[in-house]
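My request is simple: use the sequences and hints to build the entire structure.
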Amino acid sequence: MKVNPLQTTGEDQAGPSTDTSHKLVVLYGIGGLADVGRHAILAGLEKNTVEHITVITEYPDMLDDQNWECGCIDGHTNPFRDEAHSSKLTMVKIDSWKNEQPNLHEHFHEADAVISCLGHRQPGWKNKDLIKKGLTARDGNRQVIKAMEEANVSRVVTASSFGLNRGDKSWPHWASRLMRIFFLTFMRKARKDLQAMENLFCESSLDYLIVKPVGIGEDVVPAGKYFVQEPGEEAVGGAMAKMDVARFMVDEAIQPTIVRGSKVVGSAPGTPLG
Numbered sequence: 022m023k024v025n026p027l028q029t030t031g032e033d034q035a036g037p038s039t040d041t042s043h044k045l046v047v048l049y050g051i052g053g054l055a056d057v058g059r060h061a062i063l064a065g066l067e068k069n070t071v072e073h074i075t076v077i078t079e080y081p082d083m084l085d086d087q088n089w090e091c092g093c094i095d096g097h098t099n100p101f102r103d104e105a106h107s108s109k110l111t112m113v114k115i116d117s118w119k120n121e122q123p124n125l126h127e128h129f130h131e132a133d134a135v136i137s138c139l140g141h142r143q144p145g146w147k148n149k150d151l152i153k154k155g156l157t158a159r160d161g162n163r164q165v166i167k168a169m170e171e172a173n174v175s176r177v178v179t180a181s182s183f184g185l186n187r188g189d190k191s192w193p194h195w196a197s198r199l200m201r202i203f204f205l206t207f208m209r210k211a212r213k214d215l216q217a218m219e220n221l222f223c224e225s226s227l228d229y230l231i232v233k234p235v236g237i238g239e240d241v242v243p244a245g246k247y248f249v250q251e252p253g254e255e256a257v258g259g260a261m262a263k264m265d266v267a268r269f270m271v272d273e274a275i276q277p278t279i280v281r282g283s284k285v286v287g288s289a290p291g292t293p294l295g
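Take 22 as the starting number for the sequence shown in my numbering and just add one per residue.
These are computed hints drawn from the structure, not numbers from a lab. Certain hints may be false.
[Stated by the list, open to error] Derived DSS-like pairs (lysine-lysine); straight-line CA-CA distance at most 25 Å:
id, residue 1, residue 2
1, 167, 210
2, 210, 119
3, 167, 114
4, 210, 190
5, 44, 246
6, 210, 154
7, 284, 213
8, 213, 167
[Stated by the list, open to error] Okay, the calculated beta carbon distance ranges per label pair:
id, residue 1, residue 2, range
9, 96, 173, 36 to 42 Å
10, 206, 239, 42 to 48 Å
11, 101, 69, 18 to 24 Å
12, 113, 190, 34 to 40 Å
13, 88, 117, 22 to 28 Å
14, 239, 124, 34 to 40 Å
15, 195, 69, 36 to 42 Å
All C-beta atoms in this analysis are idealised placements derived from N, C-alpha and C, irrespective of residue type, glycine included.
What follows is the structure, encoded as structure tokens:
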């Protein structure tokens, strides 16, 4: 089981500093998986080696929300309004991933990696916009893949879900079977959107990593650690903080260890679902 043992300190957590600097592109939408994208901006800013982040979204005003639907102790403020970080950030607002975005590739030039958190795995009962506007994993990432290829950017880390596919044993936990039932019943639209996205990446020439977080919750306090599920090993735990998922995605974006594949990531084994 791969573990990130470094505690959250606000300092660069990628190990010893190097002379290498990184430029990232981060995309987020709406829904729980997309919340990880908002946190990925902050996780990137924690890294001394990340010199610039371009943020592409339909919802830039969400960064002004006081509640980021997370358990981060001190809450969050819009990093674009923070003098310590604003010079490292560029915002690109788009109208809708349902529409073609001309010249999208221009925003990917000179980027070292992309973190894409479009789409979600929710039924949309409480928020109808999740179904009307939020199912953008396929439509958005189709354009992202094209833009990356045109800009000669190869590394991408994207958020998806466990339990999508028949016979999936990537997370040996009873909740995996339950999630599969949810996807086959009242979360069918989200399942189809995420499956189509995964197929697009698998069929592309990109160096992709599909991240499948387990049990991310709105009240989970970041632990400063993540645990990667490996075949044949004890199941990683649920109740993972969105910030810890984001840190894993940033780490894999700038220091890749998993190439053209997918991984389940969670909290410490034995941690109950929230």
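Discussion item. For a quick check of understanding: which of the numbered hints are violated here, in increasing order?
Written reply: Violated hint: only 10; rest satisfied.
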